[in-house]
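Order-wise, the sequence lines are chains A and B. Our numbering puts the first residue of the first sequence at 1, with every later residue one more than the last. Our numbering puts the first residue of the second sequence at 10001, with every later residue one more than the last.
If you're looking for bench data, these hints aren't it; they were derived computationally from the structure. It is possible that part of the hints are untrue.
Beta-carbon label-pair distances, calculated as ranges [what the hints assert, rightly or not]: (1) A/T74 - B/R10740: 24 to 34 Å; (2) A/V92 - B/L10747: 20 to 30 Å; (3) A/K21 - B/G10928: 25 to 35 Å; (4) A/A93 - B/I10590: 41 to 51 Å.
Some chain A residues judged to face chain B by a derived CB distance under 10 Å, without partners named [unchecked claim]: (5) H3; (6) I4; (7) E14; (8) E15; (9) A27; (10) D37; (11) L57; (12) Y83; (13) I85.
Chain B is nowhere near these chain A residues, computed Cβ spacing over 12 Å in every case [said to hold, decoys possible]: (14) C9; (15) C10; (16) K48; (17) H54; (18) P89; (19) S90; (20) V92; (21) A93; (22) A94.
A virtual CB, placed ideally from N, CA and C, is assigned to each residue, including glycine.
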Amino acid sequence: MLHIYCPHCCEYREEEEFHVKGQAHLARPLDPEACSDKEWGEYLYFRKNPRGLHHELWVHAAGCRKFFNVTRDTVSYEIKEVYLIGEKPSVVAASVSAK
Amino acid sequence: MTQKNRLQSGGRIDRSKALTFTYNGKEYKGFEGDTLASAMLANGIDVIGRSFKYSRPRGIVAAGAEEPNAVMQLGATEATQVPNVRATQQELFDGLVSGATNGWPSVDNDLMGVVGKVGGKMMPPGFYYKTFMYPQSMWETYEKFIRKAAGLGRSSLENDPDSYEKINQHCDVLVVGAGPAGLTAALTAGRAGARVILADEQSEFGGSLLSSRETLDGAEASQWVEKVTAELAGMKEVMLLPRSTVNGYHDHNFLTIHQRNTDHISDKAPAGQARQTLHRVRAKWVVLATGAHERPLVYGNNDVPGCMIASAVSTYINRYGVVPGNELVVMTTNDGGYQAAFDWQDAGRKVVAIVDTRQNPQGAQVAEASKRGINLIKGSGVIDVAGSKRVTGVSIATLNAEGTAVQGSVTKLSADTVATSGGWSPVIHLAGHTGSRPVWDDKVVGFLPGPTVEKRLVAGAIAGDFTTAGALAQGAEAGRKALAELGLGQAEIELPATEEVVVHPPMTLFQIPHLKKTSEAPKQFVDYQNDVTAAGIELACREGFESIEHVKRYTALGFGTDQGKLGNIAGMAIAAKATGRTIPETGTTIFRPNYTPVTFGAMVGRDRGELFDPKRYTAMHKWHVENGALFEDVGQWKRPWYFPKAGETMQQSLDRECKATRESIGILDASTLGKIDIQGKDAREFLGRVYTNAWAKLAVGKCRYGLMCGEDGMVFDDGVTSCLGENHFVMTTTSGGAARVYEWLELYHQTEWPDLEVYFNTVTDHWSTMTISGPNARKLLQELTDYDVSKENLGFMDWREMKVAGVPARVFRISFTGELSFEINVQANFGLQVWEKLFEHGAKYNLTPYGTETMHILRAEKGFIIAGQDTDGSVHPYDLGMGWAVSQQKPFSFIGKRGMAREDCVRENRKQLVGLKTTDPTIVLPEGAQGVFDPKAPIPMPMVGHITSSYWSANLGHSIAMGLVKGGLDRMGEKVYYPLADGRVVEAEICSPIFLDPKGERQNV
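Using the sequences and the hints, build the whole thing.
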């Protein structure tokens, strides 16, 4: 069971309090009508499934009910960072592999 | 019966406290401090079970958690039956009742053994797949045979009378194992004031020191253990958990500890006590001091009772005062094995020989053996033993230097016990639970914990140092390191002086060769519990199973309740040799929780019966119960299903409720509908984006029905939203969808449109909602309010604030039945009072309570959908014939708009929701029935959609149904056929789903 730091509550809480909402940084196209079926299909259905770093959207469902982002290693389950909606991750796959 | 193997003195047992226990219906005596295993050995019980495949007699091999054979059925009564208890870990208590888990008709006289001997070839590795596959019709017979043979124990047929607990814990340092390393780690951390939990699976702390004859500070090691334990017990931040197995090491330092509070007292906990406790610990740092398990060697007929691991022999002698035989042969690859012979000799029984596989062992132990005059046979191995229910002799042969082949002649010696030591395997199970892969160490001749991302330290034998001095020092070092990492300062402890030991390097050897090749030699068991032999592993490798994970699953190596604690490493070594690889190349299988079996009781704790899942009740629940309602679970809600009267069938109740509503007035407790309060200057804009229809012009005091879709254009919820003020709305959702919809709104607001000023709050439980429906609804409501609720003043799809029965209320004139209908919302704490007032005044109108079932029928008569029943995530608004609820003119591309315009969503012949009228009006189609256009089409018939809703309508006098049909909206009047499981084919005609009052005249009055 993961131990997750909620950046809104500023505390570590148990995974039971959170819902994971899948891949982070999926922006809804600003003009959906301008999207081809293929583009819309990619927005709807196509997701990354990396072995290693993954940026995920979580919500503190049984807590403050706020959404935030988590960078998690899908192999070790280590959480590298949490950051707010609208922010960019500071730990990304390239920076880790460079180390 | 006398305890023939019990010593007169010595050990940590209390000879003044005799205990009586039963094994297989026969009474025996033991002492306080015994385990069931030590008491059985004291009484000379050799055979404690029959093996899994071959039904060979088996005896006790080990003295701890690694025991594969002595897996017992426990319990004096049916209700307290516990399967698969390791006798080596079960403390003896007075009145303990145990039995072998297998053996038929009994372990001593087993008929299956004949099958095992005759049919041994019937059960090669992979026998699950090879032998019992065909014919399929025989499987039930095979299964019974396998189950009876397998000896898996049985659970009680009655309810568990005990209670169990779960506790969440937090600590700075969790120390796993209270041997020398664990004790110094805990003491160091404890002295600095850290919050420490020290857990050990045994009844007493001390680990290896409890059965060792080593001294600490020149005195018995147990004295030092007592001193340290006493100091720890006096520290208020330190929690000591004996009889507590750390079974799972989960992500982010979350560990589960299974504490057995009363299993050493009785098979049923004393009144008021929880039998077991599951501690769920979040630890800042973990110190694993789990020790090591001795590996037995693999040799011919090594499963005959009397074959044991060497350290277990020492443990039974030193800790329990039990010598499990008369004539001992020790076989060892290392210095460790010698101690068993010395302990045996000191206990006054005969050591036949020590057989050392090393060519020229030196060192203190060898010297001691010759000083004692023990027959030391070097460079040799026990290649076979004689006997079936007990060892009667051994065959010893000289080995080559590598231990891979027999050289020279075979010597036979008489013996009844063979103790072997193939070295020690660090107990790395917990270290591997979170995915860290173990690392082979040639010097240790074993796997060590690999690197990890967890905040975890290891100390003592788990780290590959098998000496007491090393364990003590490493434990203290781990304690200091944890303190430093935690910033909790420093603490020093004084380590006790240990005896110096000169160790001769061990030999890396797992399997003793035989004169014949493995496949033809006597059976050499690797995994006792699953009857996996060296020959079986070799065969699996020959058949192409190279990955150790495949070898495991094909042979069952490491399966079962012991998970191969004793045999895994040897099995991997044999597989490595058979595939021409090294052990590190072969690797280990993955270690997964739990380390030892955990009872379901402990996992469940108090979450059973009433407390299994939270229940939600409406404010009127008591009334429903008193008025005979039967309930239906809707999410966690308990909703009235229907209100039967005496003597009524369910259908009769529903008919009565449906008719009463349409003829006069019915009432529904609709409090469970999800309600979300939405405020903010952009609330209206937000609604327009998440609903498919238009909200820009909804005036204060008005209500509107809305459909909510996903980005794929498919309907996922619906409900009525009302305008309370210019910037204030209340949204209703389906009862089961409330939480999902709420999170959906927050998701879009927080991640996509944070610029919109809008706030959401869930208010479901704040309101009691009672819906009165029927021609007399207005009359009843008017009696309870001063507000004018006439058609002119409170029109259809209007809402008003007013007092109802003297209580502030919001009254919504909306209808899910098609009747004149009012939804009265009052503060939840007034709910019951208003509900009762309605009945006081409603009696004269035959006010009839109805539940979810009648609600479903009444709405289906009107063709109203239920999201989640008539939709399934593949249905968009146009499929439902509800294009009227989609506004393509809205400036913002609302959620679902782009999705429902996809090529697949606008094609011809999609499944569409229609009404269906059976040709025979008395037949009610089963929901889920699949339709076909041509009932004579060859199988598989092309299916055209399924029935989503189907009921008997008492108001209409015929059955009604709704269903999805391909191109259904353009097929009005055409026939669909529903072939049913019972062979009938039901004909139905496609029609409008609005069966009653298509013009809506009943609600517009």
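Hint check results:
Restraint check, A/T74 to B/R10740: a C-beta distance of roughly 26 Å satisfies the suggested window 24 to 34 Å. Distance hint check: the CB atoms of A/V92 and B/L10747 are about 24 Å apart, consistent with the given range 20 to 30 Å. Range check, A/K21 to B/G10928: about 31 Å between beta-carbon atoms, so the 25 to 35 Å window is met. Here the CB-CB span from A/A93 to B/I10590 is close to 25 Å, at odds with the stated 41 to 51 Å.
Given hint, A/H3 at the interface with chain B, holds; its Cβ is 4 Å from that chain's nearest Cβ, closer than 10 Å. The beta carbon of A/I4 is positioned within 10 Å of a beta carbon in chain B (closest approach about 8 Å), and the interface hint is therefore held. For A/E14, the interface hint holds, the least distance from its beta-carbon to any beta-carbon of chain B being 8 Å, beneath 10 Å. Look at A/E15: its Cβ gets to within about 8 Å of chain B, closer than 10 Å, so that hint holds up.
Against a cut-off of 10 Å between C-beta atoms, the interface hint on A/A27 holds, since the closest Cβ of chain B lies about 8 Å away. The restraint placing A/D37 at the interface with chain B holds, with a minimum CB-CB distance near 5 Å, inside the 10 Å limit. Nearest Cβ of chain B to the Cβ of A/L57: about 7 Å, under the 10 Å cut. The hint holds. Checking A/Y83 against chain B by beta carbon gives a least distance of about 13 Å; that is not within 10 Å, so the hint is violated.
Because the closest C-beta pair between A/I85 and chain B is about 5 Å apart, less than 10 Å, the hint holds. With a cut of 12 Å on Cβ distances, A/C9 stays outside the contact zone with chain B, its closest approach being about 15 Å. With 12 Å as the threshold on Cβ separation, the claim that A/C10 sits away from chain B holds: the shortest Cβ distance comes to roughly 17 Å. Its beta-carbon lying about 17 Å from the closest one in chain B, A/K48 satisfies the requirement of being farther than 12 Å from that chain.
Against the 12 Å criterion, A/H54 stays outside the reach of chain B, whose nearest CB is about 15 Å from its own CB. Every C-beta of chain B lies more than 12 Å from that of A/P89, the closest at about 15 Å, which supports listing it as non-interface. The Cβ of A/S90 sits about 18 Å from the closest Cβ of chain B, beyond the 12 Å cut-off, so the non-interface label holds. The beta carbon of A/V92 is kept farther than 12 Å from every beta carbon of chain B, the shortest such distance being approximately 18 Å.
Non-interface call for A/A93 relative to chain B: holds, since the shortest CB-CB distance, roughly 17 Å, exceeds 12 Å. With a minimum CB-CB distance of about 20 Å to chain B, A/A94 clears the 12 Å threshold, and the non-interface call stands.
Violated hints for the displayed structure, listed by number in ascending order: 4 and 12.
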